[in-house]
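Colleague: In order, the protein sequence lines correspond to chains A and B.
The numbering used here puts the first residue of the first sequence at 63, with every later residue one more than the last.
The numbering used here puts the first residue of the second sequence at 2, with every later residue one more than the last.
Hints listed in this document are in silico derivations from the structure and should not be mistaken for laboratory results.
A virtual CB, placed ideally from N, CA and C, is assigned to each residue, including glycine.
There's no promise every hint is true.
Unchecked claim - With the C-beta cut set under 7 Å, the calculated list includes, among others, these residues of chain B facing chain A:
#	residue
1	S98
2	P99
3	H107
Said to hold, decoys possible - Label-pair restraints from in silico Cβ distances:
#	chain 1	residue 1	chain 2	residue 2	range
4	B	R129	A	G210	45 to 51 Å
5	B	H111	A	E258	22 to 28 Å
6	B	N75	A	A178	31 to 37 Å
7	A	Y200	B	E102	45 to 51 Å
8	A	M63	B	V106	52 to 58 Å
9	B	N75	A	G226	34 to 40 Å
10	B	R82	A	A178	35 to 41 Å
11	B	L61	A	G195	45 to 51 Å
12	A	E177	B	G87	50 to 56 Å
13	A	G81	B	Y118	49 to 55 Å
14	B	R82	A	F245	26 to 32 Å
15	B	V106	A	G210	51 to 57 Å
16	A	K118	B	H107	44 to 50 Å
17	B	E102	A	M236	54 to 60 Å
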Amino acid sequence: MKGLLGVKLGMSQIFDEQGVATPVTVIQAGPCFVTQVKTKETDGYEAIQLGFGETKEKRLTKGQQGHLGLVKPDQKHPNRRKNHGIPALRFLREIRTRTAAEHSVGQQLTVAQFEAGDHVDVAGKTKGRGFAGVVKRYGFAGGVKTHGQSDRHRAPGSIGATSGTAHVFKGKKMPGRMGNERFTAQNLEVVRIDVERNLIAVKGSVPGTKGGFVIIQDAAKK
Amino acid sequence: MLWDCYRIDYLFIGEYRMSDLLLKAFDNEKNEELPEIRGGDSVTVHLRINVGTRNERVQLVRGTIIRLRNSGNNRNFTVRRIAANGIGVERTFLLNSPLIEKIEVHRHAHVRRAQLYFLRDRTGKSARLREKRLR
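Produce the entire structure from the sequences given, and follow the hints as far as they go.
Modeller: Here's what the structure looks like:
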């Protein structure tokens, strides 16, 4: 399983020789550091933990600093974690993989592990839509616009039966907070890679705002 | 540094500005040769069609630019021309497309708005635009 952490830059389009424009989302991904390798023996499952986004050391808690090996061992604590050339990193995320043993702490991963034509899943946090009605949130059709209707254009309609059930069922689709939740865009084609600038262009849209944090992984269903 | 920025349009990644990165990543050499165009210009667009087939050739579209959108890599413009029987035909071109071989600008016009949609309602003499000569 290949994985990478990145930042959504925005959307653009790429032309091929036929002049067909492909809509792409450009993501600045990596270079990521492997900050921890989890194996079956030590953790019960296999995964690698990736770190991304250099930041100032003082922005991390002491616990985070220690985890990355940024705190030097002293007499009282001689067994502190060694530093493997990892700087202070803002984001740490785990990628489940069966080949965790091939990685080592401090190793750098870049967009070079992907190539054009690959398919990836991109996960991020969607834009918050606030308190949204049922038409926007669930795609309800709303009411009719004519025939003497007033105030019913975007209403949800009936929310249940009368005294037979006497309840509104749990999970009934109703207005409420929308967005600002994790979403994974699946099976996006990698259109172009720019190893030099750590850019990756995937076909289609990706959840979140410009500058939003995203996780790129091999497509699970391809 | 990226994470210290609070305004998205001034996002910097290393020494690159975000918007520059987007553009640079997909540089299109071709578009440098194209002339500067404005709304109201009379132009002829040389467009390659049937690319990659035996029928590849260049099609000419002559008309007035009634819309110009400068949106980064998605810059596009719409040419309106009067076809046979006085039927107006509009066609939108992507400025960065490799299919655009050449754009000839015949004349500039004095226009006071960016979108010249009012031309759609006009025919004949009233559909003319005052010429503007550039120094």
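Colleague: Look at each hint and say if it fits the structure.
Modeller: Hint by hint, here is what the structure shows:
Because the closest C-beta pair between B:S98 and chain A is about 5 Å apart, less than 7 Å, the hint holds. With 7 Å as the threshold, the beta carbon of B:P99 comes within range of chain A, its nearest partner Cβ sitting at about 5 Å, so the hint holds. For B:H107, the interface hint is violated, since its Cβ never comes within 7 Å of a Cβ in chain A; the closest pair sits about 24 Å apart. Look at B:R129 against A:G210: about 48 Å separates their beta carbons, and that is inside 45 to 51 Å.
A beta carbon spacing of about 46 Å between B:H111 and A:E258 contradicts the range 22 to 28 Å that was offered as a hint. Here the CB-CB span from B:N75 to A:A178 is close to 21 Å, at odds with the stated 31 to 37 Å. Between A:Y200 and B:E102 the C-beta distance comes to about 48 Å, which sits within the given range of 45 to 51 Å. Checked against the hint of 52 to 58 Å, the C-beta distance between A:M63 and B:V106 comes to roughly 54 Å, which is consistent with it.
A C-beta distance of roughly 55 Å is found between B:N75 and A:G226, which places it outside the suggested range of 34 to 40 Å. Separation of B:R82 from A:A178 is about 38 Å and conforms to the stated range, judged on CB atoms against 35 to 41 Å. Taking the beta carbon of each, B:L61 and A:G195 are about 50 Å apart, inside 45 to 51 Å as hinted. A:E177 and B:G87 have their C-beta atoms about 53 Å apart, which keeps the hinted 50 to 56 Å range intact.
Between A:G81 and B:Y118, the C-beta spacing of about 27 Å breaks the proposed range 49 to 55 Å. Roughly 44 Å separates the CB atoms of B:R82 and A:F245, a value that falls outside the hinted 26 to 32 Å. Take B:V106 and A:G210: their Cβ atoms lie about 55 Å apart, and the range 51 to 57 Å holds. The beta-carbon spacing between A:K118 and B:H107, approximately 58 Å, falls outside the hinted interval of 44 to 50 Å.
B:E102 and A:M236 have their C-beta atoms about 56 Å apart, which keeps the hinted 54 to 60 Å range intact.
In summary, the structure is inconsistent with hints 3, 5, 6, 9, 13, 14 and 16 from the numbered list given earlier, while agreeing with the others.
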